[in-house]
Amino acid sequence: MGFDHLRATYFEESGELLESAYAQLSALAEDRADGDTMHALFRAIHSIKGGGGAFGFTRLVGLAHVMETLLDRLRDGALEGTPERMALLLKATDALADLLAAEQRDEAMPAGFEDGLIAALAAVVEAPGAAAPTMAAPAAPAAPAAAAVPEGTGWRIEFRPHAALFRHANEPLLLIRALRALGPLTVSAALDRLPGLEALEPEDAYLAWTLVLAAPLPRAAVEEIFEFVVDDCDLSIDPLVPAVVQDDAPVMAAAAVAAPAGARPEPTAAQSVRVDVAKVDRLVNLVGELVINQAMLLQLGSTVPPEVCPGLVAGLETLSQHLRELQEGVMAIRTQPVKSVFSRMPRLVRELAAQLGKDVRLVVTGEATEIDKTVVEQLADPLTHLLRNALDHGLETPEAREAAGKPRQGTVHLSAEQRGGRILIELSDDGRGIDRARVLARAKERGIVAPDAVLSDGEIDELIFMPGFSTAAAVSSVSGRGVGMDVVRRNIQSLGGRIAVESRFGEGSRFVLSLPLTLAVMDGLVVSVGREAYILPIAAIVESLRPRPQDIDEVVGRGQVLSIRGAYIPLLPLHRAFGVADAVLDPSRGIVVIVETDNAGRVGLLVDDLVGQQQVVVKSMEANYGTIAGIGGATILGNGRVALILDVAGLATLPQAGASARHATAAAVALH
Amino acid sequence: MAKRVMTVDDSRTMREMVSFTLRKAGFEVSEAEDGQKALSALQAKPVDVVITDLNMPVMDGVALIRALRADPKCRSLPILMLTTESDSGKKLEGKNAGATGWLVKPFDPEKLVDVVKRVAG
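Heads up: the sequence lines are chains D and U, in that order.
Under UniProt numbering, the residues of the first sequence are numbered 1 to 672, in order.
Under UniProt numbering, the residues of the second sequence are numbered 1 to 121, in order.
In isolation and in its complexed conformation, chain U is listed as follows (with noise of 0.2 Å):
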């Protein structure tokens, strides 16, 4: 069965490049667009990889990785945080907080797919 990913980004272009990279290698996407519908759709239906941007409206990206990472269901739930150079600070949080691993924007879809496998196994 297709390994299923939820990308959480504020912005819809990142959104898409996401699934659109991952859903050519196989991946099943979803999509939120902030921490909060994030999480609401985990409740719903749970993923394999968590692949979430830092920079959000409503809730941001290490309040998202806290909140799972607070779920006992969520425990073992890889993770990605997607950066930029910029978000340094905020990466070094979010990997305090219980991020699995990182990406740089602009990023190379091989890459992606690449680390999503790894972490997806």
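So that you can see chain D by itself, here it is in the shape it has in the complex (with noise of 0.2 Å):
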């Protein structure tokens, strides 16, 4: 642990008590707020600010400064939260967050940029109507002690303790410890008050002392030993002019601090732990590898006859389901709430409402639904885009929806649930939803879809996911800068996840996302090509089928095409992307896999036999043999055989893949 993890800790905290700032922020604005929402909201800033101070971002502990100004004064009511006041926090929360978010990368904010806010909350707090503020400016760096010169050869200090100082837990006998680090000390007891044993207090400071230090040091030195107990004893501290040793008084000391108690039963306190993520991964990696054994174990133990070993079987029945669980928990350690990353999106919507004109309701439910680490932090793009194109192109204007019949305040609903295995989140708009014959007409002109195509609804609302179908048309300063919903798929499949969109037009859209929870075990459907096993990805499966011999074309030099439903889509034999002898070559006598690729379309797979879907755990190559094109990894399948997983994207990147569906569906037109 060094430097760079507290920083990193740091910055992770403030994350979170930004996240916790605006939820208290939108209770105060629903009027949801209690007792404690204010202090929550204090104590948020303020400890953003007191950690930003110890690694000195002073812009943000500037503005930390006065935002926490205000809120003392709002929390003990000298001023009342006007919508105003609130909304001028959440402005001022906002450049937090960015000032933040700057230093993290290293980077500044423009000069200047936060000025007017201070200004701002400054002009708020010091309001005629308000107490004047009583709160100190920032900590400044410690100041270096004054006079750093040394006066005369040492110093003579009179220290006569009150009770009081033993109330507090201050021990003169630390206190002559620590004069004596600074260097040769004499130390003498004045007794004269100390009283007949009957007349004793226990509680009572009897004692005082004549401490010589002969020493050249700064008075602050000396001064600094007993900042904590001036208010609790009778002090003086003088310079030593001639050098006096007494040696021959009684050098005595305070009883020794009671020594603490002794031992006790070990601590039971802790209620969470924080754990390196890389030490779960080897957990979970560990887990993998039970999970694979076990397979083993069972498939062994179906050869065993009851009669030899009548156990075995309920045995390894009660080893799977502990095993199950074993996963489950493990799995359940990596998982986060999605809050920290739907928690982002209020301000996102706010701030593109005001940019777009448009007056929107975010209602996000569901945000405790937890997901695996990895998959919460890269929702974040492709939720961020959904709900840029909601905003955008999905909501009307006030106006335009008034014309519509619609409420003038558009709804846009983000929400998370589990279902069985997978995460679902939901982004739904009440706008004017999917235009299919634009759609039709766009993906016609682009050349995605044949000219004479006749698609279904569910169809055409599927092809805004293709690549390329994003136009200068659709492209606005808002939601586009040429990325498409094709990336949004594209990383939304690199989860092992699946988007779909429902749409109804006039009404508006709700797009689907399906997440696995986990990335380390993945849906699989396992093929055998030859005598080798593959598995794909089922997310990334659309269906499959075995051709008809009239429906497979050979475009010359391309490859052969898959005539399906009026499109055409390439075929990518396995058997020769990896050199499988005894495969089947004719596509009409095995099983074409499609597949959807985020950078090539559709692509059929052929393989000779769909063998059956199952759990596979994930197992890296990258380590050993560097990225391979066409592989995602390998996993080890219950026959004990290694099974390599592909990773469909890769595969269409292959020189022997031919064509795109785009190439594929020109040449085939062509050719007709």
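Since the hints were made in silico from the structure, they are not lab data.
Take these hints with a grain of salt, some might be off.
[To be verified] Here are some of the chain D residues that sit facing chain U, going by a computed Cβ distance under 10 Å: (1) Thr9; (2) Glu13; (3) Asp36; (4) Gly53; (5) Gly56; (6) Ala169; (7) Asn170.
This one's a predicted model, so the numbers in the text were calculated from it and none came from an experiment.
Glycine residues also receive a C-beta, built at the ideal position from the N, C-alpha and C atoms.
The task is to assemble the complex, starting from two chains supplied on their own in separate frames and drawing on the hints.
What follows is the structure in structure tokens.
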């Protein structure tokens, strides 16, 4: 652990504190605030400031300081929380988030970025009607001890503790020791006030000391030792003029500090532990190994006749069950609530709505739903994109909405829930929905579908995810910088997820993201090619079929294409990609699994047969073999054999893959 | 034996900074995120010095100091307050409640170690 680690902790925690601040601010805005809301908000800003000071983030501290001052006045009721003031705090929180993000990237926001806000906040705090601010300015870095000039040859200290000194758990012995660490020290105790035993009050103070420190130190160094006790004692510190050394006085010190109570039962207080993700990953891997082992045992067990070993099957069953629980338990360690990404969305919506001149209400539900940490982190981009789209293209202007008989304010609903082994994230809006006629026209114009293709509503909606669909017309400063829905789909697929859209023209759209709970285990389809077995990620599979001979066309120099419902998709025989012998060569005698790739649209993979669907533990091969195009990893099947997990996007780029879907379509269209 | 210090702060960053600084100086450090948790942890395992923040949820620093001073076992337990400049009112409250000393955030690591050594002996 070092400074970088502390910095990382600071940014991580500040992120959480900002989330909390936003949550409290919206509670205040929606009248859901309770007694603790304002306190929690204050603490969040206060903690960001406190840590920021330690790292020297002065601009951030400056802004947090005025926010804190305003919050303090709101908290104690000196100022009223008007909507304008809350809006100002919200803006200031946004700015604080920006300053934090900049520090995290080792950058700086433009000079003067926060000045206007600081001035506005200060104006509120200092406005007439508000009591004069009492808070001190943020702590400047501790000034070096003023007079570092040694005075004389040493110090003579008269020190008489009061009883209060002991009540504060200060201890003269320790102060004397601290002085002795500064230089040669002569200690004499004055016992004149010590009463007889019968009159002695155990909690009173009777001793006084004369301390002679024979070291030419600045006064501040001596005063520092007594900094906590000056109010609880009589103290005089005088320069030593002629060095007086008295070594005949009785040397005495106060009683030793009470020893800490002896050994007690081990602590039970810790309610959470922070664990390095690498350690958890190691556990996840080990459990993965166990799952594979168990599959092998099960297979072996089934070959043993019950009479040979009667308890075996039952024992293996129990093992499986416990293993499943263990796996779930271990996976749960890696999960975290989607809240950390959901909580960034309200700000986005606020800013976009203002920019687009739209009136939007964002409703967020299911924030506590938990999902793998890696997935949470990678959700931000796709969600941001979907939300931008919803606001920019989905929702109409208030005027247009009114004209359409809808409420002026549009609603965007963001939700998360767990269903089975997957997490469903839904983003719906009550905007204008997908204009299918326009989408189809554009897709034809761009050559994504054949000019004469007849598509179902669902298929048309799917077109928005096709690469190259996003057009200049659809690109605006808000939702598009040439990044289309195909990128969103690719992001989601790289997480082992799927994205689907439902839309009603005029009524709105609904995007559903279905994500796996974890990335370490994946739903796979086992396919056979010759004597080899491969795993295809279920998430990438669109459908599988046995083509009729007349559906297969040969495009010269481009390989085979499959005609399906008026569209052409390139065929990629896996046996050719991997050089497998004894495989089915004729597509009409094998199975074509159609997969969705993010870079080449749909591709048909020719395999011999489908073996079955199963959960597979993903083993990375990168460490040993580097990145191999077309291979996403490997797994061990129940029979102990290693099977490669295919990366369909990578497969489509293999030279053998021939044409992309678009090329295939164009070539095939030319052919007919 | 290494002296034991407990840092009580709702800010993980602060706790880790205190822990980091003191561990490097050879102390054994435990952490608690509010006064209540500190109290129950101290019941289970006493320490030699407590360093507490003042502004905390559930049970703040002043309440923690009062509760500790009310416990005969903790009457001579050194308690340091880790305050900010803006906490001056609270600092006085904490002092009256029986705090041994105080440090100002952001703290100077050397100073923290010096002070803890001074009050812990």
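Checked hints:
Proximity of D:Thr9 to chain U holds as hinted, the smallest CB-CB distance being about 5 Å (cut-off 10 Å). A distance limit of 10 Å between C-beta atoms decides the matter here; for D:Glu13 the minimum to chain U is near 5 Å, and the interface restraint holds. Taking 10 Å as the C-beta cut-off, the interface hint given for D:Asp36 holds, the closest approach to chain U being about 7 Å. At about 4 Å, the closest approach between the beta carbon of D:Gly53 and any beta carbon in chain U falls short of 10 Å, and the interface hint on this residue holds.
For the restraint placing D:Gly56 at the interface with chain U, the shortest Cβ-Cβ distance is roughly 8 Å, inside the 10 Å limit, so the hint holds. Satisfaction of the interface hint for D:Ala169 is found here, the shortest Cβ-Cβ separation to chain U being roughly 5 Å, below the 10 Å cut-off. Hint status for D:Asn170: holds, given a least beta-carbon distance of 6 Å to chain U, under 10 Å.
In terms of the numbered hints stated before, the structure departs from none.
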